[in-house]
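So you can see what is in the structure, the chains are spelled out below.
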Amino acid sequence: MTFFTVVIRGLWRRPLRTGLTLAGISIGIAAVVALVGMSRGFEKGWQVGLKARGTDIVVSNRGGSLTPKPFDASVRDRIAGLPHIAATCNLLVEVTSVEESDLMILSAREWGGFAWNNLELVSGRMPRDATEEAAVLGQTAAEVLKKKIGDPIQIETKKLTVVGIVKGGALVEDGSVILSLPLLQGIIGAPNQINAIDIGVTPSTTEQQIKELTRQIEQLVPEVRAVTVSEHLSHNEGFRLVKAMSWGTSLLAILVGVLGVMNTMLMTVFERTHEICVLLAVGWTRGRIMRMILYESALLGLFGGVIGVAIGAIGVQVLSATPAIKGLLQPDLSIALLGLSVVIAIAVGIISGLYPAWRSSRLNPSQALQAG
Amino acid sequence: MTPPSASALLEAKALTREFDEGHVKALRGVDFSIKEGDFVAIVGPSGCGKSTLLQLLGALDRPTSGTLFYRGISLPDHPNPAAYRAREVGFIFQAFHLLPTFTAAENVQIPMFETDRSASERRERAFELLKLVGLEHRLDHFPSKLSGGERQRVAIARSLANEPSLLLADEPTGNLDSENAHSVFDLIISLQQEQGRTMVLVTHDPTIAGRAGRTLRMMDGRIVSDDKR
Ligand SMILES: Nc1ncnc2c1ncn2[C@@H]1O[C@H](COP(=O)(O)OP(=O)(O)OP(=O)(O)O)[C@@H](O)[C@H]1O
Ligand SMILES: [Mg+2]
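Protein chains in written order, with this note's numbering: chain F, 1 to 372; chain A, 1 to 229.
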C-alpha cells in the first residue's frame with residue numbers, strides 16, 4: 001500500500017458523493033472549455049477569413065456592435081493615395097437573419113473588388129454583373145440554408161437567385177451569403193453606404209509599416225478606425241463583450257466548483273474526525289494528514305478536469321454542428337486551452353482543500369479516542 | 001524541574017491534568033518511575049484517571065502541570081511528538097480503533113508511513129506481524145468482516161509496526177468475551193515477555209493485573225498503592 005492508495009481510499013469511501021462532486025467540477029470545467037473555446041474559435045475564424053481574401057487592414061467605423069456602423073463610400077478616395085496600399089475593396093457586412101437561419105453573415109462586396117478573387121466556385125457561376133439579382137453562397141451557408149443552384153433566396157425585402165456555391169478557404173467565408181455591393185445598397189436603400197473597407201498592402205510591406213499605415217488612415221479620416229487583421233476583433237466592443245462574458249461565466253462556474261469541492265472536503269474531514277485522530281495516534285504527522293486531504297481534493301480536481309474537458313470538447317463539437325451556429329464558428333479547442341482547463345481544475349481542487357486540510361490538522365486525538 | 005534519573009524509561013513527578021478550566025481534575029499529582037522492560041498494570045475505579053494517564057504517556061495529550069520524561073526527554077516539550085508516537089509507542093485501545101476502509105494488512109502498515117520502509121517492506125512486515133498474532137489467513141479482510149478478537153489482534157499487530165519500546169494498552173480485552181479476552185491477553189503477555197518490551201496496561205480484571213510484575217492502584221486522580229512482585 002502506498003500513500004496514493006490511502007488517498008484513493010479516502011475518495012472511494014463515499015463513491016456517490018465523490019461522483020457528484022466530480023460532476024460539479026466537470027460541468028464547470030466543461031463550461032470553461034465550451035465558452036472560451038467558442039469565443040476563441042470565433043476570433044480565429046474572422047482572422048483566417050480576412051487573411052483568406054487578402055486583407056491586411058480593415059477600416060470600419062469606431063466603436064459599434066458586432067457589425068460596424070455604416071459610413072460614406074467616399075472615405076475610400078481619401079485614403080487610396082496612402083503609401084503601401086495595393087488594393088482596396090468597399091464592403092457592407094451584416095450579421096442578420098436570412099430565411100430560416102437567425103445568424104447569417106451577409107457580405108456585400110464592391111463589384112470587381114479583390115474580396116471576390118479568393119472565392120473558388122464549387123458549382124454554378126459568379127453573378128454576371130453588379131446589378132444581376134443574384135447571390136453566391138459559401139458551402140456551409142448553402143448547407144445551412146438548404147439551397148441549390150437556381151433556388152430563390154430572400155434577402156431583406158428582395159428575392160434573389162442562388163447562382164453559385166463557393167469555397168472561400170475560411171470558415172467565415174464559407175458561412176456567408178455573398179453578393180455585390182450595389183445590389184445590397186439598392187435593397188436596403190442606402191446607395192453610398194458601406195461599413196468596412198478591406199485594404200491589401202503591397203507584398204514587401206513590413207508589420208511596422210502596416211501599423212504606421214493604420215495610424216495615417218485614422219489621422220486622415222478621424223471617424224473611422226483602421227486595424228490590422230490580427231487586431232480586428234479585439235477592437236470590436238461586441239466581441240470584447242462576448243469574450244468578457246465567456247470568461248465571466250467561466251469564473252462563476254469555477255467558483256461554484258470551488259465551493260462544491262470545499263463542501264465535500266469539509267464533510268469528509270468532519271465525518272472522518274475519528275479516523276484522522278487514529279492516524280495522529282499511531283504517529284502520523286499533522287503535515288501528512290494535511291497532505292492526505294489536499295491530495296484528495298487535488299485529485300478530485302484532476303479527475304473533474306479531465307472529465308470536464310472531455311464533456312466540454314464533445315459538447316462544443318455537437319453545438320457547433322447545430323444549424324443555428326453551423327458555419328459561424330469553428331471552436332478553437334487547442335491543446336493549450338484543454339491543458340489550461342485541467343490546470344484550472346487542479347487549482348480548484350487544491351484551493352478548496354486548503355481550509356479542510358487545515359481543519360483536519362487541528363484535530364486533537366486524545367478526546368476522540370477517549371470515548372470507548 | 002527535577003533532572004530525570006538515568007535508569008528510568010518513564011518518570012513522572014507531580015503530574016496533573018485538569019479539564020474544563022480546572023473544574024475536572026483527572027490527575028491530581030502523580031509520581032512514578034517505570035524501568036525498561038517493566039510490565040505495569042494500572043487498576044482503579046472508573047473515572048480515576050487511568051486513561052488520562054495513558055494518554056499523557058503516549059504524548060496524545062499534555063499535562064496541566066508536573067514533569068514527564070521519556071528516556072530523559074520531557075514529553076510535553078518533545079520537539080516531534082508525532083515521531084515519538086510513531087517510533088517509540090504502540091497503542092492498543094479497548095475499542096480497537098482500526099480504520100474501516102483499510103484491510104487488516106493495510107491497517108498494520110499505516111504507522112509505517114512514518115518510517116523509511118519501502119512499500120514492499122511495509123507489506124512484508126505487515127504479513128509477518130499478522131502471522132505473529134495468528135491472522136495470516138485474514139490479511140485482506142476489512143475490519144467489519146473480522147470478529148472482535150481478530151480485530152484486537154490486528155490492532156496489536158499495528159501497535160508493533162515500528163518496533164516500539166513502549167506498549168500502552170487501555171483495557172485491551174474490555175470489549176471481548178472471556179474466551180477471546182483470554183487468548184488476546186495471552187498474546188499480549190507473550191509479546192511482553194518474549195520481546196522484553198515495556199508494557200503499561202490499564203485493566204479492570206484482577207486476574208490480568210495479577211500477572212503483571214507491578215500494579216499501580218489509582219483512586220480519584222492519585223496513585224494509592226504500588227505493588228511490586
Ligand atoms: N476531555 C475531557 N474533558 C473533560 N473531562 C474529561 C476528559 N477526559 C477525561 N475527563 C474526566 O477525567 C476523569 C478521568 O477520566 P479517565 O478517562 O482517565 O478515567 P478512567 O480511569 O480511564 O475511567 P474508565 O475506567 O471508566 O475508563 C473522568 O472524571 C472524566 O470524566
Ligand atoms: Mg479509561
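No lab work stands behind these hints, which were simulated from the structure alone. Here a beta-carbon is modelled for each residue, glycine too, at the ideal position from N, C-alpha and C. Some hints here could point you the wrong way.
[Stated by the list, open to error] Ranges between beta-carbon positions, derived for each pair:
#1 A:29 - F:8: 29 to 39 Å
#2 F:263 - A:45: 39 to 49 Å
#3 F:16 - A:229: 53 to 63 Å
#4 F:16 - A:177: 34 to 44 Å
#5 A:116 - F:231: 52 to 62 Å
#6 F:8 - A:120: 31 to 41 Å
Hint by hint, here is what the structure shows:
Range check, residue 29 (chain A) to residue 8 (chain F): about 48 Å between beta-carbon atoms, so the 29 to 39 Å window is missed. Residue 263 (chain F) and residue 45 (chain A) have their C-beta atoms about 45 Å apart, which keeps the hinted 39 to 49 Å range intact. Our hint of 53 to 63 Å for residue 16 (chain F) and residue 229 (chain A) holds, since their Cβ atoms are close to 57 Å apart. Take residue 16 (chain F) and residue 177 (chain A): their Cβ atoms lie about 37 Å apart, and the range 34 to 44 Å holds.
For the pair residue 116 (chain A) and residue 231 (chain F), the beta carbons lie near 59 Å from each other, so the given range of 52 to 62 Å is met. One distance hint, 31 to 41 Å for the beta-carbon pair residue 8 (chain F) and residue 120 (chain A), is violated here, with the actual separation near 19 Å.
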